[in-house]
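Chemist: The sequence shown: position 120 = 119 (numbering that gives the first Met the number 0), numbered continuously.
No lab work stands behind these hints, which were simulated from the structure alone.
Treat the numbers as computed from the prediction; the structure is a model and nothing was measured.
Every residue, glycine too, gets a C-beta built ideally from N, C-alpha and C.
Just so you know, not all the hints are guaranteed correct.
To be verified - Straight line, CA to CA, 20 Å or less: simulated EDC-like cross-link-like pairs of lysine to aspartate or glutamate:
id, residue 1, residue 2
1, LYS144, ASP156
2, LYS47, GLU75
3, LYS144, GLU75
4, LYS47, GLU74
5, LYS47, ASP36
Claimed, not checked - Label-pair ranges, simulated between beta-carbon atoms:
id, residue 1, residue 2, range
6, ARG85, PRO16, 47 to 53 Å
7, PRO9, PRO50, 50 to 56 Å
8, GLY87, GLY2, 35 to 41 Å
9, GLN135, GLU112, 27 to 33 Å
10, ALA30, ARG85, 22 to 28 Å
11, ASP156, LEU86, 35 to 41 Å
12, GLN135, ALA28, 33 to 39 Å
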Amino acid sequence: MVGALRRARPRLLVVLPILLLLIALGFGAAAWRVARDNATIAALASGKDVPVSLAAAPPVLLARVQHLARRGVVEEIEPLIEALDRLGETDRSARARYALANARLRQAFDHLERGDLDPAGPLITLARQDYRRALQGRPDLWDAKFNLDVASRLLRDFPEFDRKTGDELKAEPKKIWTEIPGQPRGEP
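Using the sequences plus the hints, can you model the full thing?
Modeler: Below is the structure:
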């Protein structure tokens, strides 16, 4: 046994530094990725438009969604949220949906302030759907609950919005009586 260790010692002295070097390179690459992601998040938070790949880290995807939502560019947000969903990031996906819903609600408020009710209704309905999906991922997100209530009140306060195109498709009420004129006869 002692002889085998003595014979293997020169090989261990060569392999061990190489193994340590590979481990150090791995940690260095990981630290570089974290630093790069942090720089991207900081740039997005400061308002710089930094393109982000769909394969980026989840915190970077969320930062991009929040940046686009602040700018009101809602068309580019959905693929990023889908990427977060594929990664199983329910918390970040809920926060991204909350940001998207806020952007849509801001757009609806802009339309309402101008008196343009036609595009505001669908935007409010989409915002409500996004708030609900955010609450499915994070039921404790109080701001989403509050904003969902605000959006619901807007739909209720503006009956001009066509509710049949929204997320609450209501069935026509059953007609108890036929269309034949006259009073129904019989026992009460």
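Chemist: Just to be careful, I want the Cα atoms of LYS47 and GLU74 compared with a cutoff of 20 Å; is the pair within it?
Modeler: Holds: LYS47 and GLU74 sit about 18 Å apart, inside 20 Å.
Chemist: Should the hint that ARG85 and PRO16 are 47 to 53 Å apart at their CB atoms be regarded as holding?
Modeler: The hinted range 47 to 53 Å is violated for ARG85 and PRO16, with Cβ atoms some 40 Å apart.
Chemist: Would the hint linking LYS144 and GLU75 be met if the CA-CA limit is 20 Å?
Modeler: Answer violated: LYS144 to GLU75 is near 24 Å, above 20 Å.
Chemist: Between LYS144 and ASP156, does the CA-CA distance stay at or below 20 Å?
Modeler: holds (18 Å)
Chemist: Does the beta carbon distance between PRO9 and PRO50 stay inside 50 to 56 Å, or does it fall outside?
Modeler: For PRO50 against PRO9, whose Cβ atoms are near 51 Å apart, the range 50 to 56 Å holds.
Chemist: Given the range 35 to 41 Å, decide if the beta-carbon distance of GLY87 to GLY2 lies inside it.
Modeler: Since GLY87 and GLY2 have Cβ atoms about 53 Å apart, the given range 35 to 41 Å is violated.
Chemist: Looking only at beta-carbon atoms, does the pair ASP156, LEU86 fall within the given range of 35 to 41 Å?
Modeler: The hint (35 to 41 Å, Cβ to Cβ) holds, given that ASP156 and LEU86 are roughly 39 Å apart.
Chemist: May I ask you to test the hint 27 to 33 Å on the CB atoms belonging to GLN135 and GLU112?
Modeler: holds (31 Å)
Chemist: Measure nothing beyond the straight line between the CA atoms of LYS47 and GLU75; if it is 20 Å or shorter, mark the hint as holding.
Modeler: holds (16 Å)
Chemist: Okay, ALA30 versus ARG85 on CB: inside 22 to 28 Å?
Modeler: Given a distance of about 26 Å, which is inside 22 to 28 Å, the answer is holds.
Chemist: Just to be careful, I want the Cα atoms of LYS47 and ASP36 compared with a cutoff of 20 Å; is the pair within it?
Modeler: holds (14 Å)
Chemist: Can you let me know if the beta-carbon spacing of GLN135 and ALA28 is within 33 to 39 Å?
Modeler: holds (36 Å)
Of the numbered hints listed earlier, those contradicted by the structure are 3, 6 and 8.
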